[in-house]
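These protein sequence lines map, in sequence, to chains A and B.
Heads up, the first sequence is in our numbering, so the first residue is 1 and it goes up one at a time.
Heads up, the second sequence is in our numbering, so the first residue is 1 and it goes up one at a time.
Hint data in this document are derived by calculation from the structure and do not stem from the laboratory.
Any given hint might turn out to be false.
To be verified - Stretches of chain A that chain B covers, calculated by requiring three or more beta carbons in the stretch to come under 8 Å of a beta carbon on chain B:
#, stretch
1, 20-28
2, 47-57
3, 108-115
To be verified - Restraint ranges, calculated between C-beta atoms of paired labels, are given here:
#, chain 1, residue 1, chain 2, residue 2, range
4, B, R24, A, Q88, 50 to 56 Å
5, A, N100, B, I120, 23 to 29 Å
6, B, R3, A, N29, 50 to 56 Å
7, B, L7, A, I36, 29 to 35 Å
8, A, G102, B, I88, 29 to 35 Å
9, A, N142, B, R24, 31 to 37 Å
10, A, L11, B, E107, 41 to 47 Å
11, A, T105, B, K39, 48 to 54 Å
12, B, D122, A, I95, 51 to 57 Å
13, A, M16, B, K98, 43 to 49 Å
14, B, R3, A, D101, 56 to 62 Å
15, A, G106, B, K98, 49 to 55 Å
Using N, Cα and C, we set each Cβ at its ideal position, and we do this for glycine too.
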Amino acid sequence: MRLMITKIISLNKDKMSIAKEQDVVPFRNRVKEYAIKIKMSLVNQTKLITAASELGRNMLRYANGGKVLIEIVSLGRQHGIRLTFDDQGPGIPDIQLAMNDGYSTGKSLGLGLPGAKRLVNEFEIKSELGVGTKVTITKWANG
Amino acid sequence: MDRIPILRMGQFLLVTIQVDLYDRLALELEADLVKMVSKTGAKGILIDISAVSIVDSFMGRIIGNIGVMSKLLDAETVVVGMQPAVAITLVELGLPLKGVYTALNVEKGMDLLKSKVQIIEDDEIDAANDNEDHLPE
């Protein structure tokens with residue numbers, strides 16, 4: 001039996017590690033290159049890169065860095081960029097709380113996670129205490 | 001090491017951000033600007049961000065901080081040249097940057113700064129005149 005569900009296919013990928021503050025700059029540039037490759041509009045590029053910047057900073061601040069997988073994905077005729085942030089930090093005890101605007105355990109404004117979620121099309125977060133946190137975001141070229 | 005230059009022009013300080021900001025660079029700019037305002041007695045700061053393609057919550061907060069800190073030192077801050085995509089993203093992110101003055105370009109930003117400083121000076125002159133008027137005979 002053939003399933004009629006269109007699957008997201010990953011076309012092209014790249015892995016980068018973010019270990020210090022300066023790494024965020026080449027990472028943002030790489031994301032931009034990928035976004036340009038799939039002809040993403042400038043506004044969507046800016047939203048995606050801003051979300052990527054927020055999540056990259058979170059990873060540095062709370063987990064001492066981690067790795068990001070950058071992928072071009074396609075769903076039917078739609079192309080998009082998917083970023084997977086993977087760290088081995090302390091994990092987030094209460095994800096619902098962390099997703100609230102203005103909540104921060106650090107000294108920031110608490111806009112990172114909820115703000116990043118608003119800027120992309122798909123947002124998924126998984127966290128396990130003592131193991132790490134994995135955040136996956138997807139932005140479609142014309143989404 | 002990278003550093004963002006601050007130019008002095010009369011009673012104003014001029015900053016053009018031409019590089020991709022990372023957190024420490026932004027923090028240093030904040031500290032440098034506040035010190036510079038205090039040292040020079042500048043009346044206004046103009047920050048040109050027309051070459052900046054990304055402003056995330058951290059940089060947004062720094063820009064807001066510069067506005068508030070310089071205000072405490074009696075200087076106004078105007079941010080000019082924000083790209084439309086950056087404005088859209090900032091609002092969706094939840095950071096509308098309410099505390100700072102903005103202008104479309106450097107020229108308009110300069111005019112705005114001059115008018116702000118002018119108003120303050122006029123008020124001071126008025127206040128001084130008022131005092132004279134009400135001197136007891």
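Status of each hint after checking the structure:
Evaluation of the coverage hint for the stretch 20-28 of chain A: fulfilled, as 5 residues show C-beta separations to chain B shorter than 8 Å, against a requirement of three. Using a Cβ-Cβ cut-off of 8 Å, 6 residues of the stretch 47-57 of chain A lie near chain B, which meets the minimum of three, so the contact claim holds. Chain B is given as covering the stretch 108-115 of chain A, and this holds because 6 residues of the stretch bring a CB closer than 8 Å to a CB of that chain, at least three being needed. The hinted window of 50 to 56 Å between R24 of chain B and Q88 of chain A is violated, with their beta carbons roughly 24 Å apart.
The supplied range of 23 to 29 Å is broken by N100 of chain A and I120 of chain B, whose beta-carbon atoms lie about 40 Å from each other. Between R3 of chain B and N29 of chain A the CB atoms are about 21 Å apart, so this pair departs from the stated range of 50 to 56 Å. The supplied range of 29 to 35 Å is met by L7 of chain B and I36 of chain A, whose beta-carbon atoms lie about 33 Å from each other. Judged by the Cβ atoms, the range 29 to 35 Å given for G102 of chain A and I88 of chain B is violated: they are separated by roughly 21 Å.
A hinted range of 31 to 37 Å for the beta carbons of N142 of chain A and R24 of chain B is consistent with their spacing of about 36 Å. Here the CB-CB span from L11 of chain A to E107 of chain B is close to 46 Å, well matched to the stated 41 to 47 Å. Between T105 of chain A and K39 of chain B the CB atoms are about 36 Å apart, so this pair departs from the stated range of 48 to 54 Å. At roughly 55 Å, the beta-carbon separation of D122 of chain B and I95 of chain A lies within the given 51 to 57 Å, and the hint holds.
Restraint check, M16 of chain A to K98 of chain B: a C-beta distance of roughly 35 Å breaks the suggested window 43 to 49 Å. The hinted window of 56 to 62 Å between R3 of chain B and D101 of chain A is violated, with their beta carbons roughly 34 Å apart. Between G106 of chain A and K98 of chain B the C-beta distance comes to about 22 Å, which lies outside the given range of 49 to 55 Å.
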